[in-house]
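J.: The residues making up each chain are set out below.
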Amino acid sequence: MFTAKRHMDDNALVRRYLAERGLEVLDAADEPLLRHLAHCSSCHARYGALGASLDDSRDLTVERVDAAFTADRLAHQRERIMRRIEAQNGARILAFPAAAPAVRAPLHARPMMRWVAAAAIAGVMVGVAAGRYLNVFDFAAGSRSASRNVVATAAGGPRAVPVIRAVGTSRPLVNDDEFLSEVDGAIAQPRTSELIAIYTLTLQDRNAPRLVNAKY
Amino acid sequence: MDKAHEAFADLVAAQQRQASRLALYLLRDVSDADEAVQDAFVKVFTHITSYREDLSFEAWFTRILANTCRDRKKARRRRGRWELSGIDDHPEYGTRVERAVSNAPTPEDLVLGAELRRTVMAAIDALPERQRTVLLLCHAEGQSPREVGALTGLNESTVRVHLFRALRKLKAALEGSRVHR
Numbered sequence: 011m012f013t014a015k016r017h018m019d020d021n022a023l024v025r026r027y028l029a030e031r032g033l034e035v036l037d038a039a040d041e042p043l044l045r046h047l048a049h050c051s052s053c054h055a056r057y058g059a060l061g062a063s064l065d066d067s068r069d070l071t072v073e074r075v076d077a078a079f080t081a082d083r084l085a086h087q088r089e090r091i092m093r094r095i096e097a098q099n100g101a102r103i104l105a106f107p108a109a110a111p112a113v114r115a116p117l118h119a120r121p122m123m124r125w126v127a128a129a130a131i132a133g134v135m136v137g138v139a140a141g142r143y144l145n146v147f148d149f150a151a152g153s154r155s156a157s158r159n160v161v162a163t164a165a166g167g168p169r170a171v172p173v174i175r176a177v178g179t180s181r182p183l184v185n186d187d188e189f190l191s192e193v194d195g196a197i198a199q200p201r202t203s204e205l206i207a208i209y210t211l212t213l214q215d216r217n218a219p220r221l222v223n224a225k226y
Numbered sequence: 005m006d007k008a009h010e011a012f013a014d015l016v017a018a019q020q021r022q023a024s025r026l027a028l029y030l031l032r033d034v035s036d037a038d039e040a041v042q043d044a045f046v047k048v049f050t051h052i053t054s055y056r057e058d059l060s061f062e063a064w065f066t067r068i069l070a071n072t073c074r075d076r077k078k079a080r081r082r083r084g085r086w087e088l089s090g091i092d093d094h095p096e097y098g099t100r101v102e103r104a105v106s107n108a109p110t111p112e113d114l115v116l117g118a119e120l121r122r123t124v125m126a127a128i129d130a131l132p133e134r135q136r137t138v139l140l141l142c143h144a145e146g147q148s149p150r151e152v153g154a155l156t157g158l159n160e161s162t163v164r165v166h167l168f169r170a171l172r173k174l175k176a177a178l179e180g181s182r183v184h185r
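Protein chains in written order, with my numbering: chain A, 11 to 226; chain B, 5 to 185.
Derived from the structure by calculation, the hints contain no laboratory data.
Hints are not guaranteed to be accurate.
Cβ-Cβ distance ranges computed for the label pairs, FRET-style [as the list claims (entries may be wrong)]:
no.: 1; chain 1: B; residue 1: ILE52; chain 2: A; residue 2: ALA132; range: 54 to 64 Å
no.: 2; chain 1: A; residue 1: ALA38; chain 2: B; residue 2: GLU133; range: 32 to 42 Å
no.: 3; chain 1: B; residue 1: PRO132; chain 2: A; residue 2: ASN21; range: 14 to 24 Å
no.: 4; chain 1: A; residue 1: VAL72; chain 2: B; residue 2: HIS9; range: 40 to 50 Å
Taking lysine to aspartate or glutamate and the EDC-like style, the derived pairs with C-alpha atoms no more than 20 Å apart in a straight line are [as the list claims (entries may be wrong)]:
no.: 5; chain 1: B; residue 1: LYS173; chain 2: A; residue 2: ASP19
no.: 6; chain 1: B; residue 1: LYS7; chain 2: A; residue 2: GLU96
no.: 7; chain 1: B; residue 1: LYS173; chain 2: A; residue 2: ASP20
no.: 8; chain 1: B; residue 1: LYS173; chain 2: A; residue 2: ASP69
no.: 9; chain 1: B; residue 1: LYS47; chain 2: A; residue 2: ASP69
no.: 10; chain 1: B; residue 1: LYS173; chain 2: A; residue 2: ASP66
no.: 11; chain 1: B; residue 1: LYS47; chain 2: A; residue 2: GLU96
no.: 12; chain 1: B; residue 1: LYS7; chain 2: A; residue 2: GLU89
no.: 13; chain 1: B; residue 1: LYS173; chain 2: B; residue 2: GLU133
Computed, partial: chain A to chain B, Cβ under 10 Å [unchecked claim]:
no.: 14; residue: ASP20
no.: 15; residue: ASN21
no.: 16; residue: GLY32
no.: 17; residue: LEU33
no.: 18; residue: VAL35
no.: 19; residue: ALA59
no.: 20; residue: LEU70
no.: 21; residue: PHE79
no.: 22; residue: ASP82
no.: 23; residue: ILE95
No experiment lies behind these values; they were computed from the predicted model shown.
All C-beta atoms in this analysis are idealised placements derived from N, C-alpha and C, irrespective of residue type, glycine included.
Kindly produce the complete structure, drawing on both the sequences and the hints.
T.: Okay, structure coming up:
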């Protein structure tokens, strides 16, 4: 049986440490070193120190991380997870109905629906027909009364019919000159001065004095 | 609360500490880790029907959590482009994990040796990301290289190499601190 005479280097010690924890696989070439470790007090002491340091580092790491996640923080985390899950479940219940289309019976399997539809269509048709009939009736009545008026006017009957004549529409204007002369005429009429007085009283504009003094 | 919710609440209570630890190892930020754990549990509840019984629940859940953490990391990296790299990496302030834990020395700290604690933490924080993750998962959480490989997407032998290198550095740091003392 061959035993290594030289001491183990750091790499060999680390590999041994890992292998002891199932994190490394040692091969046949490592056998002499392992036997050396078993007999060499110096290497054994170094290995013991290395193991203790690395174990300490592991414990410190876990401790540090655990300190970051306190019991309160974990409880809060758990609460938020459950709240999110419940919110998701709620969303599922209120899913858009189109996602799961309802199975509808064919129309022939629903006689009531058919009757309702037929009644609605019939109602619309009757309404349209009645409307047309009434329109025709009104038109006929209107024509009759109009012709009666024409006859009365032509006969010069005793009843005086009031005539309302819109200004400016009694006859068509020939051109612009004629229109402007009509406007001039209207302004020159006596009642225009009264309008100017009212206008002056209600005037808020800063040009008021000029307008008041202006000659119309 | 119905029975399904009660059962799930028990499951959360049983798993959340280890899950939080794992998330913190991967994300190195307490708030981020907290939210990642929440997201992972909600995903588990939502996709519980896709759980295959040939896989252990822990392995399935750990994978979901690791993916959630990875997504968060990516998002943080994207966000980081728009933020100033300030206090987070400042040596005077330490990492976020260290800041999350109170720095005030407790009697227990004094007994155990705050110096050693600081040395260990500094050595772990100084490791490259993969080595640190592998070290924490294997060494602190006791997961096998195969499990860590499945979790991180690394080859099992690569996990062993990272672990070996990380422990060697950690050992060197511890010995260095002992020499200085």
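J.: Run every hint past the structure and note whether it holds.
T.: Right, here's what the structure says about each hint:
1. B:ILE52 <-> A:ALA132: 54 to 64 Å: 57 Å, holds
2. A:ALA38 <-> B:GLU133: 32 to 42 Å: 34 Å, holds
3. B:PRO132 <-> A:ASN21: 14 to 24 Å: Taking Cβ atoms as reference, B:PRO132 and A:ASN21 lie about 18 Å apart, which means the hint holds.
4. A:VAL72 <-> B:HIS9: 40 to 50 Å: Violated - the Cβ-Cβ distance for A:VAL72 and B:HIS9, about 31 Å, lies outside 40 to 50 Å.
5. B:LYS173 <-> A:ASP19: 14 Å, holds
6. B:LYS7 <-> A:GLU96: 13 Å, holds
7. B:LYS173 <-> A:ASP20: With Cα atoms ~10 Å apart, B:LYS173 and A:ASP20 stay inside 20 Å; holds.
8. B:LYS173 <-> A:ASP69: 17 Å, holds
9. B:LYS47 <-> A:ASP69: 31 Å, violated
10. B:LYS173 <-> A:ASP66: Holds, because 15 Å separates the two Cα atoms, which is no more than 20 Å.
11. B:LYS47 <-> A:GLU96: 13 Å, holds
12. B:LYS7 <-> A:GLU89: Holds, because 16 Å separates the two Cα atoms, which is no more than 20 Å.
13. B:LYS173 <-> B:GLU133: 13 Å, holds
14. ASP20: 6 Å, holds
15. ASN21: 7 Å, holds
16. GLY32: Holds - the Cβ of A:GLY32 comes within 10 Å of chain B, reaching about 7 Å at its closest.
17. LEU33: 5 Å, holds
18. VAL35: Cβ of A:VAL35 sits 8 Å from chain B, so the hint holds.
19. ALA59: Given a least distance of 9 Å, the restraint on A:ALA59 holds.
20. LEU70: 5 Å, holds
21. PHE79: This hint holds: A:PHE79 lies near chain B, its Cβ roughly 5 Å from the closest one there, short of 10 Å.
22. ASP82: This interface hint is violated because 12 Å lies over the 10 Å limit.
23. ILE95: Since chain B brings a Cβ to about 5 Å from A:ILE95, closer than 10 Å, the hint holds.
Violated hints, listed in ascending order, are 4, 9 and 22; each of the other numbered hints is respected by the structure.
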